[in-house]
Structure formats: structure tokens, C-alpha cells
Amino acid sequence: MSLKLRFKNLFFQLLGFLPERSGNEIYHFVQEFLSKESLEFKVRSSHNSFRTFLEITQKKGISIENRHVAEIGSGWLPLMPYFFSFLSNAKSIETFDLHCHYQKKNIEQLNEVFSKEFEVKLNPDKNSKYALPSSIRYFPNSNILDHDLTDRNLIFSRFVLEHVRPEVIEAMHLKFKNELKAGSFIIHMISPGDHRAYVDKELSLQDFLKYSEHEWKKKHTRFDYHNRLRLPQYLNIFNKLNLEIIHVGYEVPDINSEYYRKFKNLNLHHDFKAYKDEELMAGAINIILKV
Numbered sequence: 191m192s193l194k195l196r197f198k199n200l201f202f203q204l205l206g207f208l209p210e211r212s213g214n215e216i217y218h219f220v221q222e223f224l225s226k227e228s229l230e231f232k233v234r235s236s237h238n239s240f241r242t243f244l245e246i247t248q249k250k251g252i253s254i255e256n257r258h259v260a261e262i263g264s265g266w267l268p269l270m271p272y273f274f275s276f277l278s279n280a281k282s283i284e285t286f287d288l289h290c291h292y293q294k295k296n297i298e299q300l301n302e303v304f305s306k307e308f309e310v311k312l313n314p315d316k317n318s319k320y321a322l323p324s325s326i327r328y329f330p331n332s333n334i335l336d337h338d339l340t341d342r343n344l345i346f347s348r349f350v351l352e353h354v355r356p357e358v359i360e361a362m363h364l365k366f367k368n369e370l371k372a373g374s375f376i377i378h379m380i381s382p383g384d385h386r387a388y389v390d391k392e393l394s395l396q397d398f399l400k401y402s403e404h405e406w407k408k409k410h411t412r413f414d415y416h417n418r419l420r421l422p423q424y425l426n427i428f429n430k431l432n433l434e435i436i437h438v439g440y441e442v443p444d445i446n447s448e449y450y451r452k453f454k455n456l457n458l459h460h461d462f463k464a465y466k467d468e469e470l471m472a473g474a475i476n477i478i479l480k481v
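Counting along the sequence shown from 1, when you hit position 84 you're at 274 in my numbering, and nothing is skipped either side.
Certain hints may be false.
Just the calculated beta-carbon pair ranges, DEER-fashion [unchecked claim]:
1. E392 - N256: 47 to 57 Å
2. D338 - R234: 11 to 21 Å
3. A464 - I435: 17 to 27 Å
4. K319 - N256: 44 to 54 Å
5. L456 - K194: 19 to 29 Å
6. L208 - N313: 37 to 47 Å
7. Y450 - K371: 23 to 33 Å
8. S212 - K294: 20 to 30 Å
9. K194 - H258: 41 to 51 Å
10. R355 - C290: 14 to 24 Å
No lab work stands behind these hints, which were simulated from the structure alone.
Positions of the beta carbon are idealized from the N, C-alpha and C atoms, including for glycine.
Full structure from sequences and hints, please.
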């Protein structure tokens, strides 16, 4: 394990000993202070995701125009909501997050960059605490399970589901099934790899599959929780609830790649040995469900 990853793990563990509010505030400050990605980079990255979203939805004849969208996990900036609203003409977007990461000064910068980059007229709502346009509503410190979604007709998440506990994923989708009108869609973009490998380049993106559930619980905190669900496990949850799976897309590395070599050198825990290599390594997962 690299020194950088050791330090990150220790930092998160120390934060875990603090009262929740204090820990969250320090985490927020440090994450923002240490972020090396420019706003322009974040916009480009999200634009790539948006193009992928358009590609998979258009193939299924799904348009986001005039839809009422609920986003799971707002993150630090309303990037996908801006693309939905200004480039796809969604009617409204409500974005929910368990924490509060939006800051008015950051969104004011986003408004300027986004307007210039995509040549759109972006007027913030004068009554918005976060300088958001009127089509987007932010619900920080809020669990989507506690909100009425009967007027939504599209649910979306980007790189969020891998950080949600399996039982909560099931509870959310049971709620979606019960509250959304027939014909509504649920679209997830999932990054299921071991995120520690982004910090320590020597690690495989499946490194965490060598641990038992008990061992893994001791290796992460609420600040870096990852559920380790593999593609078949996500699909089992959706099938259990009788949600129609209309699209599943994912990437698998070439067997001659360094990525694959790292994976094959792992001593997988027996919890994962029943799965095929492709199922264990499936990355950049995109799933469309229909209610």
C-alpha cells in the first residue's frame, strides 16, 4: 500500500472518531482544499457522462425532454442537472444528497463557465440560496427515501450506487417501484472498481475482492464506503423487485492488459469465486430500468 493511501486511510479513520457534524465539516474543507481538478475538467468529465447517457437512452427511444428528474447524490456541483436542464430540456430536476456540499461561490463560477462553454443563457433564481436556476432544486442533508416521488418520471444516479449499502439500494428501488408511474425510468451509471486504486496505482481495481466482509468493514469508514457489489448482484436486486431491465452496458479489459494481469494475481475471497472473471471485472456499468 502506498504512503499516500496509508495517510488517506488514517485521516478518514481519525475523522470517524469525531462527532458527525465536526467530521463532515473537516472532510468537506480538506476535500475542497486538496482537489486538483479544475472546474473546466469537472465540466468536461461530466459532459462525457452526459454524452454516454444520451447514447444509451436514445438507443432505447428515451427522451429526457419535459421530464421531471430526481437525482440520487448531488455531489459537489449540479453538473448533470445542468446538462439535463439546458442541453436536454428537462422540465425540472430535484437533486438529493445525504450531505451538504454545494457552495454558492462555486456554483456562481459554474454558471459562468457553463454559460460560456455551451452558449446557453443561465439566469440563477434570485431566491436560490445556491445561485441555482429555477429548474433545479437542491435537497442537502436529505434522504431520497423520505421524499414523495410520485410526480417524478425519471430517476438518475452517476457514480453513487457503489457507495450505497445493498439494503438501502433495495429499499430505494422498492420505493421507486411503488411511487413512480408506470413507464418511468431509472438510470444508473456505476463505477464498481476499488477506488483505492485511483490513489495507489499498484493496486488492482478489484483488490478489495480479496477480503472477507468482516475484513473489508475494518478497512473503510463512512467517508469512503464502497459496497463491493458485482454486476450480477446489482441485477439480482432489480430482478427481485420485478423491475424491467431494458439495458445493461459495461466495459471489460483486454486479457493481455496490465489491468487484467493485476486481477489474475489476486487471491479472491471465496465470497467472489463463484463469479466469472467478466462479472467481477465489469466496469463503467450503465443500467436502465423501467417501472
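Violated constraints from the hint list, given by number and in increasing order: Checked against the structure, the hints that fail are numbers 2, 4, 7, while the rest are satisfied.
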